[in-house]
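Q: Next come the chains, spelled out residue by residue.
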Amino acid sequence: MNKTLAELAQHVGGTVVGDSQVIIEKVASIDEAGAGAITFLANPRYRRYLSVCRASAVIVGMDVVRGLPLRDGKGYLAASDPYVAFAKILKLFHDSPRFSRTVSSFAHVDPAADLGEAVTIFPHAYVSGGVKIGRRTVVFPGVFLGEGSEVGEDCVLHPNVVVCAGCRLGNRVILHAGVVIGSDGFGYAGQGEGRVKIPQIGIVVVEDDVEIGANTTVDRATIGRTVIGRGAKIDNLVQIAHNVVIGEYSVIAAQVGIAGSTRIGKNVTLAGQVGIVNHIQVGDGATIGPQSGIAQSVTPGAVLSSGIPAAPHREWLKVMTLLPRLPKLWHAVRGLEKKLFEIDKRESSKL
Amino acid sequence: MNKTLAELAQHVGGTVVGDSQVIIEKVASIDEAGAGAITFLANPRYRRYLSVCRASAVIVGMDVVRGLPLRDGKGYLAASDPYVAFAKILKLFHDSPRFSRTVSSFAHVDPAADLGEAVTIFPHAYVSGGVKIGRRTVVFPGVFLGEGSEVGEDCVLHPNVVVCAGCRLGNRVILHAGVVIGSDGFGYAGQGEGRVKIPQIGIVVVEDDVEIGANTTVDRATIGRTVIGRGAKIDNLVQIAHNVVIGEYSVIAAQVGIAGSTRIGKNVTLAGQVGIVNHIQVGDGATIGPQSGIAQSVTPGAVLSSGIPAAPHREWLKVMTLLPRLPKLWHAVRGLEKKLFEIDKRESSKL
Amino acid sequence: MNKTLAELAQHVGGTVVGDSQVIIEKVASIDEAGAGAITFLANPRYRRYLSVCRASAVIVGMDVVRGLPLRDGKGYLAASDPYVAFAKILKLFHDSPRFSRTVSSFAHVDPAADLGEAVTIFPHAYVSGGVKIGRRTVVFPGVFLGEGSEVGEDCVLHPNVVVCAGCRLGNRVILHAGVVIGSDGFGYAGQGEGRVKIPQIGIVVVEDDVEIGANTTVDRATIGRTVIGRGAKIDNLVQIAHNVVIGEYSVIAAQVGIAGSTRIGKNVTLAGQVGIVNHIQVGDGATIGPQSGIAQSVTPGAVLSSGIPAAPHREWLKVMTLLPRLPKLWHAVRGLEKKLFEIDKRESSKL
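Residue numbers (the numbering used here), protein chains in the order written: chain A, 37 to 387; chain B, 37 to 387; chain C, 37 to 387.
If we strip away everything but chain A, and leave its shape as in the complex, we get:
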């Protein structure tokens, strides 16, 4: 596919600075882009790359395009959100894979399953009784859809995804390979030999436009629902426990763990490896830094963190040793303050 830079600018609602008729054939990274390629200045910090960049065009922010050097037969595509423009152009040049729109005879599809038009079911998929699958949805090999589960339209369930009985996915949901939706929540009553499993009879509801990364697990509710809200994006190897609710458009990075019944608000951002205890609320728009531990409810819009950046090991050993002595240190300082106060008092009394 060939497009002029002007055509691309129109496609994304941006403006051209430089040669608007240069022909673009592909998208490439800034260090690999050559003639015919459009690339993307992800970060103004990388501006120095521009001088050696051989791309025919570069997508940049409206605010940075002014100061940039102009070169013959090349141009910039300036956009208010250059990252969105990049995504749109990448989509334009990227052939979506085509699917057969048929049901493989090597898949197991229960006669009582209800399949929409143009659904693709690959070999070795397993579709239980009572399952509903919406139009144009793609079910890759090794996918398991449990009894009575529902999948909306235009979904993609990548290989070896498991959706357990009764769980429901909205439209345009993408589940990457190995995702498990609706495994039993981790619930027991009693202790030791007397411990009994609490049946997990709830479901998981995954709303429209959600994308979930490879090998992430979402447990079914004990009773009721575990909910992944509309437009939420969840990365790989994340753990979502029973009865958790993730608000709309929240973004959860890899290896985060959220314990049972906790409610995450809308537009929340959780960085990688964050851990959140059970039965709390994280308010709308909150942002939590990487590796942080969240032990109490978080107010809307809060920006929290508790991650500790690594230090040279020998120095850190000393810090580690002193940390448990922090209360002692605190008392020592309080003692010194008191003593100094007394010295001061004595001195003043002498005057």
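The list treats identical chains as interchangeable, and a pair is accepted whether it falls inside one copy or across any two copies.
Calculated lysine-lysine pairs in the PhoX-like style (CA-CA distance at most 20 Å, straight line):
(1) Lys364 - Lys354
(2) Lys127 - Lys233
(3) Lys62 - Lys233
(4) Lys374 - Lys364
(5) Lys302 - Lys233
(6) Lys62 - Lys110
(7) Lys127 - Lys39
(8) Lys364 - Lys375
(9) Lys375 - Lys386
(10) Lys62 - Lys39
Simulated from the structure, these hints should not be mistaken for laboratory data.
Please arrange chains B and C on chain A, whose structure you already have, making use of the hints.
A: Chains B and C in isolation, oriented as in the chain A frame:
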């Protein structure tokens, strides 16, 4: 199914306070329960919900039932362990899924496999030679049972579970979707190009009544056995390395990692995202808080933690910056103490 | 198989101390080894086990063999790197599993796939069009190979491994059960409802001699390649984000997470549960301690850590409470120093 509250009380060994003849048809969460439903006061903190709760009955602790308001046509089921009572009633109302008790012709079952009575093998399961499967065990689609592996009676292996060659599961073991039992331990000798893989020729033994969460991994021993002790409960995305031993009835929350050859005692509780180094012992009954790092052996019954709850990011930045200077701070305080001691001495000498 | 200790010593380039003609039939762990077994003293700390060890032979380091007691009909195999010697002997005694070297008619293999000699494809594997598989490679049940993906020679893809479209594996690559190679990177532009997915059109390249642990996920590049360098060893449940590059012979322990576009050098060691932010470099030969957070680029050879070993919970609660007050403490100490300096000055002025 309909039961009177009196019947339910008898089933769980509890007592009714209020209307013992009210009819219960289902179990529901406290905020969703209506007429005909029994619910559960999980936490005395939630007592305020009771005034607006429309459930026909509420399971409560013996100790809290006294102070609660009584309403016509409604009742409380008071139990010594209300959580256990809840689990039992939930089980009563929850239809266990029924299985075909047959071996699908679309499964691969080696002729040399030994299958007990009433075993269910779903399509696309793979049962290798020398495998033994006990009575009534259910093997879902996509499950792989390696050469010579053994599965006891009344087990449930959810979709895409992998049990590698030679590993052994006891009775009533539940493995949730994507669990891997018996992958190679992470063992190498030498460095760089000279690094060689240490063959991992041991097995994993999973004892009776163990339940393991989705996508958790348990590595086979280098030599000998990795053991998950009787009644242990392990959550999702947990990593158990080679030659680890987990004691009976221990409970391990999501995303915990336990390094090689470490021995976890009985009735140990590990909260989410805990990391434990290799070659140590964690004593019976120990409890480890979320995100903690365990670098040394832990005495029985110890209650340890090292997780840090998140603080406002700007404030935490300051803390983070000062942490590496903790040794300097410590010395400064020591210096001040010394100086003050000298001043004191001088002052006394002046008297 | 029977070997004399002398033969084993020759096999690994070591020397015998004691009875060189003792017959060895198997390898066993030091606490389980009996007559006919060779075992391994992993750590000089465990020397005390030797007095009760009933093994016919023990592999030890050249440097420790001298002080050890000699017993009739038994011997030591002393090697410069005893761990490597152990690995080699274990390999000698360990029968590699034999495979059918055929393609199962219950696998799905696209006619346009290109399979090398003696390839083994198990039932329920899925091989897409345009796939290339090198000689003697083994593809277990439930494995998915996407359109145009390539797998080298002598690889082993364990059950339920997923290699997405276009990704490439070198020779002698081992992927353990549930590994996902080439899932979409976690990339979006814009916010809330306006958020759009950035197509992930790059690939993953896994070079020769790489081994990757169970349920680990490696995302494809947005554009270009995510690279796992030659000889790298990656443990279970690790997350490698898009465009990450792992250098040759690096070793990454379980549950590590590496964010997008970060470059890990050669011979780097990352301990368990380490988290590394995006767009940084970790220099060759660096070592990062368990649970550490890496927020900035790391110089070659650096040894860093930020993990905190757990303390008794009650004591840790006090530390946790004081941590946010560390800046206040710091200022208090600065204030005290100033005050003492003034007292000192006043005192000297009085003299």
